[in-house]
Amino acid sequence: MKHTFTKTLEDCPVIAAVKDNEGLEQCLSSESSIVFILYGDILTISDIVNRVKECGKLAMVHVDLISGLSSKEISVDFIKEHTRADGIISTKPMLIKRAKELSLYTILRFFVIDSMAYENIKKQCTNVKPDCIEILPGIMPKVIKKICNTQNIPVIAGGLISDKEDIMQALDAGAVSISTTNPKVWFM
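When we follow the numbering used here, the leftmost residue of the sequence shown carries the number 57, and every step to the right adds one.
Worth flagging that the hints you see were computed from the coordinates, not collected in a lab. Hints may contain errors.
As the list claims (entries may be wrong) - Using C-beta positions, here's what the derived DEER-type ranges look like:
(1) Glu157 with Gln82: 30 to 40 Å
(2) His138 with Lys220: 15 to 25 Å
(3) Ile98 with Asp170: 29 to 39 Å
(4) Ile169 with Lys75: 16 to 26 Å
(5) Glu66 with Met244: 24 to 34 Å
Said to hold, decoys possible - Derived BS3-like pairs (lysine-lysine); straight-line CA-CA distance at most 30 Å:
(6) Lys201 with Lys240
(7) Lys153 with Lys198
(8) Lys185 with Lys201
(9) Lys220 with Lys63
(10) Lys148 with Lys202
(11) Lys201 with Lys63
Cβ atoms here follow ideal geometry from the backbone N, Cα and C, with glycine treated the same way.
Work the whole structure out from these sequences, hints included.
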């Protein structure tokens with residue numbers, strides 16, 4: 057399972073991240089084979105995931121951003137039982153751990169704002185073993201390179217990526233993909 061996800065990431069340099077229905081409709085016609093779902097609630101998430109799946113794309117739900125879900129493991133159970141999501145994104149290691157137990161793909165998201173955050177990446181990746189990590193902001197090639205050189209898992213660069221130069225710098229630094237909510241970047 058992990059091999060398939062890693063291969064899909066490698067073949068998808070730009071991941072469409074959607075934060076509303078308008079973005080969802082736009083991303084469905086993009087070449088991106090992975091969609092990060094960053095919005096919704098417990099009443100709408102199943103329909104949002106279904107739209108993504110109907111277009112043959114992987115659906116990754118950022119469980120921390122779904123209204124009505126808590127920061128407890130039961131939220132991951134809900135996603136598994138009531139949607140067709142392929143995996144989850146979270147900043148919470150315990151949710152990543154639960155998703156792995158349920159055979160969902162996992163992305164552990166980190167906001168790299170200081171050296172303590174950087175040290176936390178090493179610790180959490182060792183303890184939780186996510187399928188990949190997402191680093192925000194994604195416009196720090198020097199930091200991305202350092203993280204890629206110290207981790208044995210794929211790194212996604214996300215946040216503040218707005219043009220082709222940002223994409224190329226992140227990929228050249230070692231990121232396997234970038235994620236963005238900017239529709240212009242989806243169609244570059």
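Hint by hint, here is what the structure shows:
no.: 1; hint: Glu157 with Gln82: 30 to 40 Å; in the structure: holds (34 Å)
no.: 2; hint: His138 with Lys220: 15 to 25 Å; in the structure: violated (38 Å)
no.: 3; hint: Ile98 with Asp170: 29 to 39 Å; in the structure: holds (34 Å)
no.: 4; hint: Ile169 with Lys75: 16 to 26 Å; in the structure: holds (21 Å)
no.: 5; hint: Glu66 with Met244: 24 to 34 Å; in the structure: violated (18 Å)
no.: 6; hint: Lys201 with Lys240; in the structure: holds (25 Å)
no.: 7; hint: Lys153 with Lys198; in the structure: holds (29 Å)
no.: 8; hint: Lys185 with Lys201; in the structure: holds (19 Å)
no.: 9; hint: Lys220 with Lys63; in the structure: holds (22 Å)
no.: 10; hint: Lys148 with Lys202; in the structure: holds (23 Å)
no.: 11; hint: Lys201 with Lys63; in the structure: holds (20 Å)
When held up to the earlier numbered hints, the structure conflicts with 2 and 5 and fits the remainder.
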